[in-house]
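Chemist: Chain B: place on chain A using the hints.
Number of protein chains: 2
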Amino acid sequence: MNSKLNPNYISGFVDGEGCFSVTFNKKKDMIRPEVRLIFEIELREDDLEILRRIKNTLGCGNIYHLRYLRYSKWIPHYKYKVSNIKDISEKVIPFFRKYPLQAKKKYSFERFYIVSQLVLKKKHLTNEGILKIRRIYGLK
Amino acid sequence: MNSKLNPNYISGFVDGEGCFSVTFNKKKDMIRPEVRLIFEIELREDDLEILRRIKNTLGCGNIYHLRYLRYSKWIPHYKYKVSNIKDISEKVIPFFRKYPLQAKKKYSFERFYIVSQLVLKKKHLTNEGILKIRRIYGLK
Numbered sequence: 431m432n433s434k435l436n437p438n439y440i441s442g443f444v445d446g447e448g449c450f451s452v453t454f455n456k457k458k459d460m461i462r463p464e465v466r467l468i469f470e471i472e473l474r475e476d477d478l479e480i481l482r483r484i485k486n487t488l489g490c491g492n493i494y495h496l497r498y499l500r501y502s503k504w505i506p507h508y509k510y511k512v513s514n515i516k517d518i519s520e521k522v523i524p525f526f527r528k529y530p531l532q533a534k535k536k537y538s539f540e541r542f543y544i545v546s547q548l549v550l551k552k553k554h555l556t557n558e559g560i561l562k563i564r565r566i567y568g569l570k
Numbered sequence: 431m432n433s434k435l436n437p438n439y440i441s442g443f444v445d446g447e448g449c450f451s452v453t454f455n456k457k458k459d460m461i462r463p464e465v466r467l468i469f470e471i472e473l474r475e476d477d478l479e480i481l482r483r484i485k486n487t488l489g490c491g492n493i494y495h496l497r498y499l500r501y502s503k504w505i506p507h508y509k510y511k512v513s514n515i516k517d518i519s520e521k522v523i524p525f526f527r528k529y530p531l532q533a534k535k536k537y538s539f540e541r542f543y544i545v546s547q548l549v550l551k552k553k554h555l556t557n558e559g560i561l562k563i564r565r566i567y568g569l570k
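Chains A and B supply the protein sequences, listed in that same order.
Under the working numbering, the first residue of the first sequence is numbered 431, with each subsequent residue one higher.
Under the working numbering, the first residue of the second sequence is numbered 431, with each subsequent residue one higher.
Hints are not guaranteed to be accurate.
No copy labels: a pair is met if it fits in one copy or bridges any two.
[Unchecked claim] Taking lysine-lysine and the PhoX-like style, the derived pairs with C-alpha atoms no more than 25 Å apart in a straight line are:
1. K536 x K509
2. K503 x K534
3. K456 x K552
4. K536 x K458
5. K562 x K534
6. K434 x K511
7. K434 x K528
8. K485 x K534
9. K570 x K552
10. K536 x K511
11. K458 x K534
12. K456 x K553
13. K485 x K536
14. K562 x K516
15. K534 x K509
16. K434 x K516
17. K485 x K528
18. K511 x K534
19. K458 x K562
20. K536 x K434
It is worth saying that the hints were derived from the structure and are not from the lab.
So that you can see chain A by itself, here it is in the shape it has in the complex (with noise of 0.2 Å):
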């Protein structure tokens, strides 16, 4: 059962359950840190099949399964993760623009279109570009 879903269902969904976020990832030998947007679900696993229909319906993403053996009483879960620019350019962010999210993770949705429009025009690979991303999301 991987059937599409309707988008406002997954708007709902997602205004309740998924997570837009960026990281800034710096190692030693790199200039500056690596800018990375990804859009993510994560639920527990006997709700993989929703993570599939989800996944359907914006045609792009992974599924993982997630484990942590050190803590045995930690139910596994699946987390859906699209990190990938292009899909996040092409399809999520259309996806939402189209089927708008009404409570508050609009805002972190505005937050991530604005600095995926700055990630397309290669901004982020400069020292100011990162800079205004850091502020865009409050940090120094």
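Modeler: Leaving out everything else, chain B in the frame of chain A:
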């Protein structure tokens, strides 16, 4: 901004954030426990608007402010709650039968629906009915 929401959006949101429950309250002088059906959504206080819009779309229920003064670090919440059996059976249940839940919460809704049928037939006022309802929830 209390404008109505797309009903499929609500199904998606409730699949993530909503709760359908049945409670059994037994006081000293009662022959059998009182059965109550409750539909609720609890969110942090900065998401009050979406609760108002859900209330407006479903056309029933109340919103409560939850503050626990004992826990200073706990962010106050708002709870949208429907517990009136008339509203549950004439508004909440028909809504989610028309715009079905898609994630695993649909099983919780199915049990809730079955119990509502028993309550409407006054079965919860008999010992046999109470037993039946408890069995639906895997209780002894």
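Chemist: For each hint, tell me whether it holds in the structure or not.
Modeler: Consistency of the hints with the structure:
For the identical chains of this complex, K536 and K509 are neighbours both inside a copy (21 Å) and across copies (20 Å), given an alpha-carbon limit of 25 Å. When the C-alpha separation of K503 and K534 is checked against a cutoff of 25 Å, the pair qualifies only between copies, where the shortest distance is 21 Å, while the shortest distance within a copy is 32 Å. In this assembly of identical chains, K456 and K552 lie within 25 Å of each other by CA distance solely inside one copy; the values are 17 Å within and 65 Å between copies. Proximity of K536 and K458 under a CA criterion of 25 Å is satisfied in neither setting, with 35 Å inside one chain copy and 49 Å between copies.
In this assembly of identical chains, K562 and K534 lie within 25 Å of each other by CA distance solely inside one copy; the values are 23 Å within and 41 Å between copies. Proximity of K434 to K511 under the C-alpha cut-off of 25 Å is restricted to the intra-copy arrangement: shortest distance 17 Å within a copy versus 30 Å between copies. Both within a single protomer and between protomers do K434 and K528 lie at most 25 Å apart by alpha-carbon distance, with minima of 17 Å and 17 Å respectively. Within a single copy, K485 and K534 get their C-alpha atoms as close as 23 Å, and across copies as close as 17 Å, so both meet the 25 Å cut-off.
Taking identical chains as interchangeable, the C-alpha atoms of K570 and K552 lie at most 25 Å apart only when both belong to the same chain, with a minimum of 20 Å there against 62 Å between chains. With identical chains, the CA atoms of K536 and K511 are at most 25 Å apart both within one copy (18 Å) and between copies (24 Å). Within a single copy, K458 and K534 get their C-alpha atoms no closer than 36 Å, and across copies no closer than 44 Å, so neither meets the 25 Å cut-off. In this assembly of identical chains, the alpha carbons of K456 and K553 lie at most 25 Å apart only when taken from the same copy (16 Å versus 64 Å across copies).
Both within a single protomer and between protomers do K485 and K536 lie at most 25 Å apart by alpha-carbon distance, with minima of 20 Å and 20 Å respectively. In this assembly of identical chains, the alpha carbons of K562 and K516 lie at most 25 Å apart only when taken from the same copy (21 Å versus 54 Å across copies). Taking the shortest Cα distances, K534 and K509 sit within 25 Å of each other both inside one copy (22 Å) and across copies (16 Å). Proximity of K434 to K516 under the C-alpha cut-off of 25 Å is restricted to the intra-copy arrangement: shortest distance 21 Å within a copy versus 34 Å between copies.
For the homomeric pair K485 and K528, the shortest alpha-carbon distances inside one copy (17 Å) and between copies (24 Å) are both at most 25 Å. Taking the shortest Cα distances, K511 and K534 sit within 25 Å of each other both inside one copy (21 Å) and across copies (20 Å). Taking the shortest Cα distances, K458 and K562 sit within 25 Å of each other inside one copy (22 Å), while across copies they are farther apart (64 Å). Taking the closest pair of Cα atoms, K536 and K434 come within 25 Å of each other both inside a single copy (23 Å) and across two copies (17 Å).
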